[in-house]
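There are 2 protein chains.
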Amino acid sequence: MSLLDYFRVTKASSASVAKERLQILVAHERSSRSQPSYLPQLQKELLEVIRKYVNVGQDAISVNFEQDDDQEILELNIVLPDHQAKKS
Amino acid sequence: MSLLDYFRVTKASSASVAKERLQILVAHERSSRSQPSYLPQLQKELLEVIRKYVNVGQDAISVNFEQDDDQEILELNIVLPDHQAKKS
Chain A
1 MSLLDYFRVT
11 KASSASVAKE
21 RLQILVAHER
31 SSRSQPSYLP
41 QLQKELLEVI
51 RKYVNVGQDA
61 ISVNFEQDDD
71 QEILELNIVL
81 PDHQAKKS
Chain B
1 MSLLDYFRVT
11 KASSASVAKE
21 RLQILVAHER
31 SSRSQPSYLP
41 QLQKELLEVI
51 RKYVNVGQDA
61 ISVNFEQDDD
71 QEILELNIVL
81 PDHQAKKS
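Chains as they are written, first to last, in my numbering: chain A, 1 to 88; chain B, 1 to 88.
Hints in this document: simulated from the structure, not taken from any laboratory. All residues carry an ideal CB built from backbone N, CA and C; glycine is no exception. Please note that the accuracy of each hint is not assured.
Footprint (simulated), chain B over chain A, 3 or more residues, beta carbon under 8 Å [what the hints assert, rightly or not]:
| id | stretch |
| --- | --- |
| 1 | 23-30 |
| 2 | 39-52 |
Here are a few chain B residues that face chain A, going by a calculated C-beta distance under 7 Å [to be verified]:
| id | residue |
| --- | --- |
| 3 | H28 |
| 4 | E29 |
| 5 | Y38 |
| 6 | L47 |
| 7 | V56 |
| 8 | F65 |
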């Protein structure tokens with residue numbers, strides 16, 4: 001299953017929910033752990049960029065971060081206010 | 001299946017590949033199409049942020065963008081040079 005297929009499946013199961021959502025995933029596969037992770041810092045900068053486009057408070061953003069030996073995953077889920085997205 | 005589960009499955013199936021990868025997904029569920037998409041512009045800014053952390057050329061980045069009536073998905077796949085990530 002491709003990653004795009006995953007989103008298609010997710011969409012179908014949540015189609016009855018009218019809220020607008022923005023979901024961002026960052027997955028970093030690492031072949032070595034010799035360097036510190038930059039995902040926590042990257043997360044801050046990504047949120048700064050996203051806030052240029054959507055007008056959301058901190059409480060609308062949920063963050064999930066997981067890591068194991070060779071992969072880190074950062075997940076950002078943002079519930080958007082209906083019809084109030086900033087214009088680009 | 002949660003999104004994190006998806007990545008766990010993907011990782012298992014690609015465990016034999018030693019390359020470091022950074023994969024970024026942005027999914028925007030829209031309840032109306034009254035406003036233009038900002039994902040193409042957002043994509044540019046996300047790549048600028050990522051380039052602060054990883055030293056990759058344009059040829060290491062593949063971009064996929066899909067949209068239908070109520071969802072847009074932006075997918076960025078970046079093959080990282082081994083052990084040459086910029087320090088944060």
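Status of the hints after comparison with the structure:
Here the stretch 23-30 of chain A counts 8 residues with a CB under 8 Å from a CB of chain B, which clears the bar of 3, and the coverage holds. Coverage of the stretch 39-52 of chain A by chain B holds in this model, with 7 residues showing a Cβ closer than 8 Å to a Cβ of that chain against a need of three. For B:H28, the suggested interface contact is upheld, since its CB lies about 5 Å from the closest CB of chain A, less than 7 Å. Below 7 Å, beta-carbon pairs count as interface contacts, and B:E29 has one with chain A at about 5 Å; its hint therefore holds.
Of the supplied interface hints, the one on B:Y38 holds, with its beta-carbon coming within about 4 Å of a beta-carbon of chain A, less than 7 Å. For B:L47, the interface hint is violated, the least distance from its beta-carbon to any beta-carbon of chain A being 10 Å, above 7 Å. Because the closest C-beta pair between B:V56 and chain A is about 13 Å apart, greater than 7 Å, the hint is violated. Among the interface hints, the one on B:F65 is violated; its C-beta lies about 10 Å from the nearest C-beta in chain A, farther than the 7 Å criterion.
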